[in-house]
Amino acid sequence: MSSTRPRPARPAGSTPTAVVVGAGPNGLAAGALLAEAGLEVTVLEAAPTIGGGTRTDEAILPGLLHDHCSAVHPLAVASPALRHLRLDRYGLNWRLPEVDCAHPLDDGTAAALYRSVTETAAGLGADAARYRALLAPSVRRWEALSADVMGPLLRVPDHPLLLARFGLPTVLPAAVLARLFRTPGARALWAGVAAHAYRPLTDPLSSAIGLGILTAGHAAGWAVAEGGSRSITDALAAALRAHGGRIETGVRITHRSQLPPADLTLLDLDPAQVAAVYGDLLPSRTAAAYRRFRRGPGAFKVDLAVEGGVPWRAEAARRAGTVHLGGPLAEIVRAERDVTDGRMPERPFVLVGQQYLADPSRSVGDVHPVWTYAHVPHGYDGDATDAILARLEQFAPGVRDRVVGLRVTRPADFAAANPNFAGGDILTGAKTVPQLVLGARPALDPYATGLPGVYLCSAATPPGPGAHGMSGAGAAATALRHLGIRPPWR
2 MSSTRPRPAR PAGSTPTAVV VGAGPNGLAA GALLAEAGLE VTVLEAAPTI
52 GGGTRTDEAI LPGLLHDHCS AVHPLAVASP ALRHLRLDRY GLNWRLPEVD
102 CAHPLDDGTA AALYRSVTET AAGLGADAAR YRALLAPSVR RWEALSADVM
152 GPLLRVPDHP LLLARFGLPT VLPAAVLARL FRTPGARALW AGVAAHAYRP
202 LTDPLSSAIG LGILTAGHAA GWAVAEGGSR SITDALAAAL RAHGGRIETG
252 VRITHRSQLP PADLTLLDLD PAQVAAVYGD LLPSRTAAAY RRFRRGPGAF
302 KVDLAVEGGV PWRAEAARRA GTVHLGGPLA EIVRAERDVT DGRMPERPFV
352 LVGQQYLADP SRSVGDVHPV WTYAHVPHGY DGDATDAILA RLEQFAPGVR
402 DRVVGLRVTR PADFAAANPN FAGGDILTGA KTVPQLVLGA RPALDPYATG
452 LPGVYLCSAA TPPGPGAHGM SGAGAAATAL RHLGIRPPWR
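Everything in the sequence shown is counted per our numbering, starting at 2 for the first residue and increasing by one.
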């Protein structure tokens, strides 16, 4: 019988079993950690290939590697779960660019983010001391702080004073925290990182994700995976199999009756899918919360094959693994408000990935893969290709002439490839205050569904999106405690 009905007592000495639905980074991390703890684990994936948003392909030109969604990984490098799994044993190598992130401005200059807090601050002129004061203390203690920052907020932290020091600025709207800085470059650099939250920068707690990315990035670097983000997927799958776990692809679960018997069931699904799978078996409050779970804005992605690379005017952008095209603070604030309100900005915020600078194996000769996407309204059905290319031309005149191939991924395409990305929402949920703090429903345990042995482990749970696997690790820890097993990685 399935995990949705009362299970008979397991024979003494038998191996407990677990089923994980969804083979994104959280599902794979959860499966690998459960298998390491001694469970018999099966991971079921609806798509023909595993990885969720952490895939890489060669759709434009053979040998030219483009990441599907997740591309640059400061939080993954800093992830306690991935460090515990020692994915380097399974072929994962991190590569760092010379400049982590650049934010070009209209005058041809760019604010630059380096791994070193001191080096970054030195380029911010009058804001150097303020930048160091904001970031340096938490960066120095990141090793101790990371598990608290990348776990549920409603729990007793391991290091309460450190977490309080980190957390106090995060409650501020990002646009308010920007006032800490005096120079346009520092304000724009901060706003570009904060915009990763896909929320209006005037909202409370809109600083949280940006400060998390900055702190983790200064501690570990804005790294890319050698060979593409699929290398993270491959390493997680190898770790799972090394501990006896299995993966089955092409298995779509739409109803609880399709689930095999198991002591534990972990769901790397968005809350709406969980509500559909379990229906009225869920507690009424859980079902209601999952059905009203709010989705965020969408992504409109354009992958480019660029001969000779992007001819940026700003020198720092030529060496940066990530480039934020948003202009000054006020322009970013306006664009993020527009997409949240359902309006397509005239000048959208655009993220550019130049992963090949850290990992030249992704290029083919002098043709380089350039990864771009714009923030657009949820479910946007227009064409943002020209808006993205115009943003590139604004800061890199002549780039259109170097494009020898492109591929467009619309919000509907993201959703078709991965139902967790409904409406193009690649974060799996709006990062509103309640959802950022509580996850998918109001509960002390954000991973519990209210059904014994059934847990939510997708990016809809803390700490949220990314290839860090910590949502999967958090759910796996809760699930093991349900069996009376102490998680070996905590």
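These are calculated hints, taken from the structure and not from any lab test. Quick caveat, the model's predicted, so the values are computed rather than measured. All residues carry an ideal CB built from backbone N, CA and C; glycine is no exception. Each hint should be verified, as a subset may be incorrect.
Okay, the calculated beta carbon distance ranges per label pair [said to hold, decoys possible]:
id	residue 1	residue 2	range
1	THR255	PRO138	46 to 52 Å
2	ASP89	PRO49	23 to 29 Å
3	LEU181	SER15	40 to 46 Å
4	ARG401	PRO361	22 to 28 Å
5	ARG320	THR255	43 to 49 Å
Could you tell me which of the hints above the structure violates, numbers in ascending order? Failing hint: just 3.
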